[in-house]
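**Student:** Going line by line, the protein sequences match chains A and B.
What the first sequence shows, in this note's numbering, is residues 7 to 121, in sequence order.
What the second sequence shows, in this note's numbering, is residues 51 to 167, in sequence order.
Please keep in mind that the hints were generated in silico from the structure rather than gathered at the bench.
Check the hints yourself; a few may be wrong.
[Claimed, not checked] Calculated cross-link-like contacts (lysine-lysine; reagent style DSS-like; alpha-carbon spacing at most 27 Å): (1) A:Lys23 / A:Lys7; (2) A:Lys113 / A:Lys7; (3) B:Lys86 / A:Lys101; (4) B:Lys59 / B:Lys69; (5) B:Lys68 / A:Lys113; (6) B:Lys90 / B:Lys59; (7) B:Lys59 / A:Lys113; (8) A:Lys113 / B:Lys88; (9) B:Lys59 / B:Lys88; (10) A:Lys77 / B:Lys90; (11) B:Lys69 / B:Lys88; (12) A:Lys101 / A:Lys113; (13) A:Lys113 / B:Lys91; (14) B:Lys86 / A:Lys113; (15) B:Lys103 / A:Lys101; (16) B:Lys59 / B:Lys91; (17) B:Lys91 / A:Lys77; (18) A:Lys7 / B:Lys91; (19) B:Lys90 / A:Lys23; (20) B:Lys91 / A:Lys101; (21) B:Lys88 / A:Lys7; (22) B:Lys72 / B:Lys86; (23) B:Lys90 / A:Lys7; (24) B:Lys103 / B:Lys69; (25) A:Lys63 / A:Lys113; (26) A:Lys7 / B:Lys86.
[Stated by the list, open to error] Anything over 12 Å on all C-beta distances counts as not near chain B; from chain A, calculated: (27) Tyr68; (28) Asp75; (29) Gln78.
Glycine included, every Cβ here is placed at the ideal spot set by N, Cα and C.
Here is how the chains run, residue by residue.
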Amino acid sequence: KNQVEQSPQSLIILEGKNCTLQCNYTVSPFSNLRWYKQDTGRGPVSLTIMTFSENTKSNGRYTATLDADTKQSSLHITASQLSDSASYICVVSAKSGGGADGLTFGKGTHLIIQP
Amino acid sequence: DTEVTQTPKHLVMGMTNKKSLKCEQHMGHRAMYWYKQKAKKPPELMFVYSYEKLSINESVPSRFSPECPNSSLLNLHLHALQPEDSALYLCASSQGGGLRRAGQPQHFGDGTRLSIL
Chain A
7 KNQVEQSPQS LIILEGKNCT LQCNYTVSPF SNLRWYKQDT GRGPVSLTIM TFSENTKSNG
67 RYTATLDADT KQSSLHITAS QLSDSASYIC VVSAKSGGGA DGLTFGKGTH LIIQP
Chain B
51 DTEVTQTPKH LVMGMTNKKS LKCEQHMGHR AMYWYKQKAK KPPELMFVYS YEKLSINESV
111 PSRFSPECPN SSLLNLHLHA LQPEDSALYL CASSQGGGLR RAGQPQHFGD GTRLSIL
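In isolation and in its complexed conformation, chain A is listed as follows (with noise of 0.2 Å):
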């Protein structure tokens, strides 16, 4: 059965420090891996989508890593921000279809950025 664990569940860190945010999956075959950012009473928004062959990649404060061979993935949120509080949902698209719907949702992490 394919699975996306995301840990911690929820985390609080200061203002300006770095945190990461990690995410172990058993989907296959695996086709990419995605890091969405949901704000309270907001949709998804797409952070990052990594393919089998990338290793990392940078959207601005966010460098998210994948590892395919361990399949494990982290998303590294540097000099954090008040507006960085939310949730990060980690999901996982199977190459053919996998799942009924081809995408695996990670719980999230709830991030709460202290002042």
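Assemble chain B onto chain A, guided by the hints.
**Tutor:** Frame of chain A, contents of chain B only:
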């Protein structure tokens, strides 16, 4: 601002009411999706339209009825909903013909917050 527009943003309805949720995108995307999201949970797929044809129905109760009038519009008709149907309903679109084409990023709307009394 999101490129997928959903209306209304909030909806409160009784269990006997009939209402519709609307979704619009003008990015030329050929696949559109409805998701249901409960608090602190990831989105759950409900329906997928590919080239204006229903391609996936995730065993959703018949009180939810999707409609895709054209490639830019997606509706979700609601009738006789239950309190447990209260949730955030998200619409998304992607460039390709649907989820079975890999690597298609999805653009989400901001959702309709639905409350059933």
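**Student:** Now tell me if each hint is right for this structure.
**Tutor:** A quick look at each hint next to the structure:
Distance hint between Lys23 (chain A) and Lys7 (chain A) is unfulfilled; the C-alpha atoms sit about 36 Å from each other, more than 27 Å. With a CA separation close to 16 Å, the supplied pair Lys113 (chain A) and Lys7 (chain A) stays within the 27 Å bound. Straight-line distance between C-alpha atoms of Lys86 (chain B) and Lys101 (chain A) comes to about 24 Å, which keeps the hinted pair within the 27 Å bound. Distance hint between Lys59 (chain B) and Lys69 (chain B) is fulfilled; the C-alpha atoms sit about 13 Å from each other, no more than 27 Å.
Proposed proximity of Lys68 (chain B) and Lys113 (chain A) is contradicted: the alpha carbons are some 31 Å apart, above 27 Å. A hinted pair counts as satisfied when its Cα atoms are at most 27 Å apart, and Lys90 (chain B) with Lys59 (chain B) qualifies at roughly 19 Å. Note on Lys59 (chain B) and Lys113 (chain A): the hinted pairing holds, with a Cα-Cα distance of about 24 Å set against a maximum of 27 Å. For the suggested pair Lys113 (chain A) and Lys88 (chain B), the alpha carbons sit about 11 Å apart, so the restraint of at most 27 Å is met.
Taking the CA atoms of Lys59 (chain B) and Lys88 (chain B), the gap is about 16 Å. The hint holds against a cut of 27 Å. For the proposed pair Lys77 (chain A) and Lys90 (chain B), the alpha carbon gap of about 24 Å is at most 27 Å, so the pair holds. Under the criterion of a C-alpha separation no larger than 27 Å, the hint pairing Lys69 (chain B) with Lys88 (chain B) is consistent with the structure, at around 20 Å. For the proposed pair Lys101 (chain A) and Lys113 (chain A), the alpha carbon gap of about 21 Å is at most 27 Å, so the pair holds.
A hinted pair counts as satisfied when its Cα atoms are at most 27 Å apart, and Lys113 (chain A) with Lys91 (chain B) qualifies at roughly 6 Å. Restraint check for Lys86 (chain B) and Lys113 (chain A): the C-alpha separation of about 14 Å stays at or below 27 Å, so the hint holds. Between Lys103 (chain B) and Lys101 (chain A) the CA atoms are separated by roughly 22 Å; this keeps the pair inside 27 Å, and the hint holds. For the given pair, Lys59 (chain B) sits about 19 Å from Lys91 (chain B) by alpha-carbon distance, which is consistent with the 27 Å threshold.
Simply put, Lys91 (chain B) and Lys77 (chain A) have alpha-carbon atoms about 22 Å apart, close enough for the 27 Å limit, and the pair holds. For the hint linking Lys7 (chain A) to Lys91 (chain B), the alpha-carbon distance of about 19 Å falls within 27 Å, and the restraint holds. Proposed proximity of Lys90 (chain B) and Lys23 (chain A) is supported: the alpha carbons are some 24 Å apart, at most 27 Å. The straight-line distance between the Cα atoms of Lys91 (chain B) and Lys101 (chain A) is roughly 24 Å, inside the 27 Å bound, and the hint therefore holds.
At most 27 Å may separate the alpha-carbon atoms for a hinted pair to count; Lys88 (chain B) and Lys7 (chain A) meet this at roughly 22 Å. With a C-alpha separation of about 14 Å, the suggested pairing of Lys72 (chain B) with Lys86 (chain B) holds against the 27 Å cut-off. For a cut-off of 27 Å, the pair hint linking Lys90 (chain B) to Lys7 (chain A) stands: about 22 Å separates their Cα positions. A C-alpha spacing of about 22 Å is found between Lys103 (chain B) and Lys69 (chain B), which places the hinted pair at or below 27 Å, so the restraint holds.
Restraint check for Lys63 (chain A) and Lys113 (chain A): the C-alpha separation of about 22 Å stays at or below 27 Å, so the hint holds. Proximity of Lys7 (chain A) to Lys86 (chain B) is assessed by CA-CA distance (about 21 Å); at most 27 Å being required, the pair is judged to hold. Listed as outside the interface, Tyr68 (chain A) is consistent with that label: its C-beta sits roughly 15 Å from the nearest C-beta of chain B, beyond the 12 Å cut-off. With a closest Cβ-Cβ approach of about 20 Å to chain B, Asp75 (chain A) is found to remain outside the 12 Å limit, as its non-interface label requires.
Its beta-carbon lying about 19 Å from the closest one in chain B, Gln78 (chain A) satisfies the requirement of being farther than 12 Å from that chain.
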